[in-house]
Amino acid sequence: MSAPATSHRGAPVTLTGRVRQRWLEKLPPEKLLPEEQPAYVASWIYVFGVATIAALAWVLLSGVVLTLEGPAWYHVSVVGHFFNSLHLWGVELFFFFMVIHLWGKFWMAAWRGRRRLTWVTGVVAFLASIGTAFTGYLMQTNFDSQWISTQAKDGLNSVGIGAWFNVLDLGQVMLLHVVTAPLALGVITVWHVLLVRRRGVVPPLEAAESTGTTMEGEK
Amino acid sequence: MSTTSSTARRGGARPVDPAAPWAGPNRRYDIIKEGLVALLVVGLLAIGLAAVFSSPDDKSVTLAQWAKADPADFVTTATMELDGTSTSASYGAPYNTNGDGASLGPLKLQKWAGVRVPVNSAQQMVVDPLKTSVDPAVQTALATWQAASADQQLKWATNYDTAISKAPGNDPTKVSSGDYGPVPAMTAGLLELAKTGALDGILATGGAFYQTNYTVSLLFLADGGYLGALGDANHLGGDQWGMMNEMGSWPGQAWLWLYTFWYQVPPFSSSGNADALVWGLMMLLTLGLVLVPFIPGVRDLPRLIPIHRLVWRDYYSRYGSTRS
Numbered sequence: 013m014s015a016p017a018t019s020h021r022g023a024p025v026t027l028t029g030r031v032r033q034r035w036l037e038k039l040p041p042e043k044l045l046p047e048e049q050p051a052y053v054a055s056w057i058y059v060f061g062v063a064t065i066a067a068l069a070w071v072l073l074s075g076v077v078l079t080l081e082g083p084a085w086y087h088v089s090v091v092g093h094f095f096n097s098l099h100l101w102g103v104e105l106f107f108f109f110m111v112i113h114l115w116g117k118f119w120m121a122a123w124r125g126r127r128r129l130t131w132v133t134g135v136v137a138f139l140a141s142i143g144t145a146f147t148g149y150l151m152q153t154n155f156d157s158q159w160i161s162t163q164a165k166d167g168l169n170s171v172g173i174g175a176w177f178n179v180l181d182l183g184q185v186m187l188l189h190v191v192t193a194p195l196a197l198g199v200i201t202v203w204h205v206l207l208v209r210r211r212g213v214v215p216p217l218e219a220a221e222s223t224g225t226t227m228e229g230e231k
Numbered sequence: 229m230s231t232t233s234s235t236a237r238r239g240g241a242r243p244v245d246p247a248a249p250w251a252g253p254n255r256r257y258d259i260i261k262e263g264l265v266a267l268l269v270v271g272l273l274a275i276g277l278a279a280v281f282s283s284p285d286d287k288s289v290t291l292a293q294w295a296k297a298d299p300a301d302f303v304t305t306a307t308m309e310l311d312g313t314s315t316s317a318s319y320g321a322p323y324n325t326n327g328d329g330a331s332l333g334p335l336k337l338q339k340w341a342g343v344r345v346p347v348n349s350a351q352q353m354v355v356d357p358l359k360t361s362v363d364p365a366v367q368t369a370l371a372t373w374q375a376a377s378a379d380q381q382l383k384w385a386t387n388y389d390t391a392i393s394k395a396p397g398n399d400p401t402k403v404s405s406g407d408y409g410p411v412p413a414m415t416a417g418l419l420e421l422a423k424t425g426a427l428d429g430i431l432a433t434g435g436a437f438y439q440t441n442y443t444v445s446l447l448f449l450a451d452g453g454y455l456g457a458l459g460d461a462n463h464l465g466g467d468q469w470g471m472m473n474e475m476g477s478w479p480g481q482a483w484l485w486l487y488t489f490w491y492q493v494p495p496f497s498s499s500g501n502a503d504a505l506v507w508g509l510m511m512l513l514t515l516g517l518v519l520v521p522f523i524p525g526v527r528d529l530p531r532l533i534p535i536h537r538l539v540w541r542d543y544y545s546r547y548g549s550t551r552s
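Those protein sequence lines, which keep their order, are chains Y and W.
Each residue of the first sequence is one higher than the last, beginning at 13 in the numbering used here.
Each residue of the second sequence is one higher than the last, beginning at 229 in the numbering used here.
Watch out, some of these pointers could steer you wrong.
[Stated by the list, open to error] Think about it this way: if two alpha-carbon atoms lie no more than 25 Å apart in a straight line, the pair counts; the simulated SDA-like pairs of lysine to any residue are:
1) W:261 - Y:116
2) W:359 - W:383
3) W:336 - Y:143
4) W:402 - W:370
5) W:339 - Y:116
Simulated from the structure, these hints should not be mistaken for lab results.
As the structure is a prediction and not an experimental result, all values here were calculated from the model.
Hey, can you work out the whole structure from these sequences and the hints?
Below, the structure is given as C-alpha cells:
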C-alpha cells in the first residue's frame, strides 16, 4: 500500500504537492490566464508589453531558422538573407517596443504596490537584451562583426570583463548568442511576466477607492 | 474632464492601495487572443520590413585585401609589432603585460583581471607566419632575427619604424638607408605572404585544424590604419556615434545611444582613459535604473510630472481621482 499524498489535514506532504499548492496560492489559473482586467487597463501604452514579447517570439523563431543551416548560410542564400533580415528587424522592433514599454512603466510608477521586483526584472531583461543583441552583432562574420568586435574590446577590457568575455573569439561569442544569452533572457522574461500576472497591473496614480460605476462591457 | 460623476470625485476620496487586490470595475479581457493578435501584427510588420529593407552584409576585410590596398600601412604595422609599439603589442591585460591599461580611479580592473588571452604580437603576427615562407631571402632574414639578442632586435625594428615615419608619405619603400638589420626583408616577406592570402589562413588557424578564435587576426587587422579608415568612411568611428550606427542607412544598435553619447562630450572625448570612465559611469547609471523604485526623488518624478494623466485620462474622466 502506498503512502497518502496528503496529511490527515489535507496538506500535501510531497515536495511536488507543496510546490503545486504554493504555485496555486500565488498564481491561480484565473490570474495566470485572466478573462478580465481592471477598467483602467485601457490605453495604447499597454500594447507595448505584449508587442515586445511578440517581437521576441519572432526574433527567436527567425534565430532558430538561422541555426539550421549554420552561421555562413545567410551570406550565400537569398532565403538565409531574408531570415537574417527578419531577425534584424525583429530585434529593432523588439527594442522599440520595449523602450516605450519601459518609459511607460516609469511614468506610471509601475513599481507601486509590491511591484518593485517586477520593475527590477523588467530592467534586467532590458539589459540582458542589450547583451544578447550585442553578441548577435559580433557573430555576423562580416565587416560589421570585425569592426564592432575590435572597437568593443577596449571598453570591455578597460573594466576587466574582456579577460573572460573575449569578443574576438567567434566561438565563444556564437555559443553565448545562441545558447546562454537567450536562455538568460528567456528566464528573466518569463519571471517578469509571471510577476505581472501575480501582482496584476498597477492601479492609476491618484485612483480613488470605490468608484461605484462601471464601464460598457465591464463585469 | 467628463461630467460623469462618481463617488470618488467627492472631496476627501481615499487613494487606492496599489498593493491591495483591485476592487473597482473590471473589463472583459482575453489574454490569449491578445497574444495571438500581437504575434500576427508584429510578425507582419517584421516580415514587411525585412522584405522591403533587407539587412546589411558587407564582406569581411581580409589581410590580403589590406596588403594589396595599403601595403605601406601593412608594413608599418608589421614593423610596429616587432618594435612593440603597436596597439596590441603595448596593450596590457588581457593580452600581455606591456601596458597598465585603463583604470577607474584607484581601481585597475583591467590589470587586475590579468593576462587571460595571451598574445605575443611580434611572435604570432610576424615571426611565426614567416616560418612558413618558402622565400630563401625571408628565411635568411628570419634566421638573422632569431639569432640576434632582444636588444638588437628592438634596435633594428625601432630604427626602421622611425625611418618609415620620416619617409615621404610614410612609405617604407622610400626610407633612407640605415641599420635596420633583417626587418625590411621580414616585413616585405610578410607583405608578400599576405598578398597571396596565405597569412589570413595562417593567423586564423594558428597551426590548428579546427579554430574559432580570431583574436590574433583581428588584433593585427585593428593595429593597422586600414580597418579604421574603412570604419570612419562608413560613419562607424567612436567619435561619430559609431557605436549605434550601422553600415549604410540601416538602423544600428540605437539603444546604445547613451553609452556612445558620453564619448562625444568632454571630459570623455579627450580622455585617454575614456573607455573605463564611460563604462564606470554607465554601470552607475544602469544600477540607478534598476533601483529606480528605491531612489527618493527619482521614484517621485511620475507624481511630479503628471504624464500618467494622459495614460489614464479615460479612467479619470469616468471615475475621477483623488485630485478631483
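Hints, verified against the model:
no. : hint          : verdict
1   : W:261 - Y:116 : 23 Å, holds
2   : W:359 - W:383 : 22 Å, holds
3   : W:336 - Y:143 : 24 Å, holds
4   : W:402 - W:370 : 22 Å, holds
5   : W:339 - Y:116 : 41 Å, violated
Hint violations for this structure: number 5 only, all remaining hints satisfied.
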